[in-house]
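Same order as they appear, the protein sequences are chains A and B. All you need for my numbering is the position in the first sequence, starting with 1, plus 74. All you need for my numbering is the position in the second sequence, starting with 1, plus 354.
It is possible that some hints are incorrect.
[Unchecked claim] Here are the computed lysine-lysine pairs in the DSSO-like style, where the Cα-Cα straight-line distance is at most 27 Å: (1) 538(B) / 151(A); (2) 540(B) / 158(A); (3) 179(A) / 205(A); (4) 550(B) / 132(A); (5) 90(A) / 540(B); (6) 540(B) / 260(A); (7) 205(A) / 589(B); (8) 631(B) / 203(A); (9) 205(A) / 538(B); (10) 90(A) / 631(B); (11) 203(A) / 538(B).
To be clear, the hints were calculated from the coordinates, so they are not data collected in a lab. From a predicted model like this one, the values you see are computed outputs, not experimental measurements.
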Amino acid sequence: MGFLDISQLNYSYHTKAGETKALSGINLAVREGEFLAIVGPSGCGKSTLLNLIAGLLKTQEGNITIEGAPVAESRDKIGYMLQKDHLMEWRSTEDNIRLGLEINKMETKEKEALMEQMLKQYGLYEFRKVKPKELSGGMRQRAALIRTLVMEPELLLLDEPFSALDYQTRLSVADDIYAILKAEGKTAVMITHDIAEAISMSERVIVLTSRPGRIRKEIQVHLTMEDGKPPVKPSQARSAREFAVYYQQIWKELMGDDDER
Amino acid sequence: MMMNGKRMLFQNLDRQKEEQGISAAQAAYLAGCRREKRVVRLWQWLIMVLFLGLWELGARTGVIDSFVFSSPSGVVETMITMSKDGSLWYHTGITLAETFVSFLLILFFGIGIAVLLWWNTKLSKILEPYLVMLNSLPKSALAPVFIVWLGANMKTIIVAAVSVAVFGSILTLYHSFSETEEDKLKLIYTLGGGRKEALTKVILPGNIPTVVSLMKVNLGLSLVGVIIGEFLAAKAGLGYLIIYASQVFKLDYVITSIFILCVISVLLYHGIARLEKK
Numbered sequence: 075m076g077f078l079d080i081s082q083l084n085y086s087y088h089t090k091a092g093e094t095k096a097l098s099g100i101n102l103a104v105r106e107g108e109f110l111a112i113v114g115p116s117g118c119g120k121s122t123l124l125n126l127i128a129g130l131l132k133t134q135e136g137n138i139t140i141e142g143a144p145v146a147e148s149r150d151k152i153g154y155m156l157q158k159d160h161l162m163e164w165r166s167t168e169d170n171i172r173l174g175l176e177i178n179k180m181e182t183k184e185k186e187a188l189m190e191q192m193l194k195q196y197g198l199y200e201f202r203k204v205k206p207k208e209l210s211g212g213m214r215q216r217a218a219l220i221r222t223l224v225m226e227p228e229l230l231l232l233d234e235p236f237s238a239l240d241y242q243t244r245l246s247v248a249d250d251i252y253a254i255l256k257a258e259g260k261t262a263v264m265i266t267h268d269i270a271e272a273i274s275m276s277e278r279v280i281v282l283t284s285r286p287g288r289i290r291k292e293i294q295v296h297l298t299m300e301d302g303k304p305p306v307k308p309s310q311a312r313s314a315r316e317f318a319v320y321y322q323q324i325w326k327e328l329m330g331d332d333d334e335r
Numbered sequence: 355m356m357m358n359g360k361r362m363l364f365q366n367l368d369r370q371k372e373e374q375g376i377s378a379a380q381a382a383y384l385a386g387c388r389r390e391k392r393v394v395r396l397w398q399w400l401i402m403v404l405f406l407g408l409w410e411l412g413a414r415t416g417v418i419d420s421f422v423f424s425s426p427s428g429v430v431e432t433m434i435t436m437s438k439d440g441s442l443w444y445h446t447g448i449t450l451a452e453t454f455v456s457f458l459l460i461l462f463f464g465i466g467i468a469v470l471l472w473w474n475t476k477l478s479k480i481l482e483p484y485l486v487m488l489n490s491l492p493k494s495a496l497a498p499v500f501i502v503w504l505g506a507n508m509k510t511i512i513v514a515a516v517s518v519a520v521f522g523s524i525l526t527l528y529h530s531f532s533e534t535e536e537d538k539l540k541l542i543y544t545l546g547g548g549r550k551e552a553l554t555k556v557i558l559p560g561n562i563p564t565v566v567s568l569m570k571v572n573l574g575l576s577l578v579g580v581i582i583g584e585f586l587a588a589k590a591g592l593g594y595l596i597i598y599a600s601q602v603f604k605l606d607y608v609i610t611s612i613f614i615l616c617v618i619s620v621l622l623y624h625g626i627a628r629l630e631k632k
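Only chain A is shown next, with the shape it has when bound in the complex:
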């Protein structure tokens, strides 16, 4: 039993054109504090899997539990990061961060204090009163992360959280978010199509097959730097000795999928 358990999960979409099997026979356990990455070709059901874990879609067959309880009862334990920051242009940075608190009627003194501390810690305190259009791409993504974290979720779901950013920003935001998640000791599941991002941030990479999504391969990631220690930041991970090997391995698994079709 892990922190997050998925067993025998199947999922199909129904349209007028017919039924599409999106996920088939997914079994997965995620430890507390683990960073798991899921990669797969586009249309492999990655997003469906994440939406099911988040409780945004109802499960059809199979079970998803968090600490033994079904997801429907654990929605407040889950934080979700979307591809774009989706900050509301008419709200200031801090009002954007308060969004989740307002919705859940949790605007307590403790939460305000937590928010202030996070704003300071992640370099947004001076920008708390400004509108999002005055923030840089990296700052916006950090604000979006604080909006999620201030709810104090135990499990974080990341839906290609960097794909809307340019390459430079992407690396630095990945470093920031990784550091924040590790500091807060959160469990995280990230879906991405970027192999390098998956290897550099996660402890385990799951490769899905294309439709219907099945688990094709599980790869444990152990990176060591020149000094024999694991990398501190994801951006350093790219120069770790084993990086290229993992990259090749995952690449082959993804390509192999094409050969079979």
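Assemble the complex: chain A is given as a structure, and chain B must be docked to it using the hints.
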């Protein structure tokens, strides 16, 4: 509004000039801008003076029949008489009041029904063809029906005015609501919110610009609707005055009423434009 923008631009430039001191070429450019603005203003005034002057001259010399075409001096006289006996304020007030009430009702029903349709997708699917039909129907065709149903009174006028603009408002707002980015709504759901939170935190605040631009259109449309209504079913108001005076060939009164309507529409337009800037 454009004139206002320009005026502000010039004020800013003047301030900059004082602050930093500017090159001769820049000063020449600014002088050119100011000259152009003066020329534009001059022509605007000239057209008006020429139009009124020729009209008055024509009426005095008998080139045009002032009994049919009235004359600027006749309009001024009429305005003075009417403001003395209070009928000017009475009729203008009635028309303005009807316009505002209709406008507020359009806004209320427009937003309310659009929200309802957004909330209940099935309802919107069911009602869409009816709304499209009602929107393209010439509403003036309904006015006589309203008179029969509601009587020749203010109720009819307001219902007529509301009917002119409300269906278009509902459709515009509903489509604008539906075009809200799906992921913005997903964000609300991931934060534990439901459809109510999606409405109050995303849909409504995100559509304020649409509502304001709709208000601009609707204020004009309510005035149109009110005048149509007053033509048919009123005992007071500028529309009534136009119809009544034209029937008894008091053209001075007709033209005066039209002139007041011109002033009202300009003032209303600027009022909303000011609101938009905020």
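Right, here's what the structure says about each hint:
Straight-line distance between C-alpha atoms of residue 538(B) and residue 151(A) comes to about 21 Å, which keeps the hinted pair within the 27 Å bound. Taken as a hint, the residue 540(B) and residue 158(A) pair is honoured in the structure, with Cα atoms around 11 Å apart against an allowance of 27 Å. With a C-alpha separation of about 23 Å, the suggested pair residue 179(A) and residue 205(A) falls inside the 27 Å cut-off, and the hint holds. The hinted pair formed by residue 550(B) and residue 132(A) meets the criterion: a straight-line CA distance of about 20 Å does not exceed 27 Å.
Our distance criterion of 27 Å between C-alpha atoms is met by residue 90(A) and residue 540(B), whose separation comes to about 24 Å. Note on residue 540(B) and residue 260(A): the hinted pairing holds, with a Cα-Cα distance of about 22 Å set against a maximum of 27 Å. For the proposed pair residue 205(A) and residue 589(B), the alpha carbon gap of about 53 Å is over 27 Å, so the pair is violated. With a C-alpha separation of about 21 Å, the suggested pairing of residue 631(B) with residue 203(A) holds against the 27 Å cut-off.
Between residue 205(A) and residue 538(B) the alpha-carbon distance is near 17 Å, which keeps this suggested pair within the 27 Å criterion. With a CA separation close to 47 Å, the supplied pair residue 90(A) and residue 631(B) exceeds the 27 Å bound. Using a Cα cut-off of 27 Å, the hinted pair residue 203(A) and residue 538(B) holds, with the two alpha carbons roughly 21 Å apart.
Going down the numbered hints, you'll see the structure goes against 7, 10, while the others check out.
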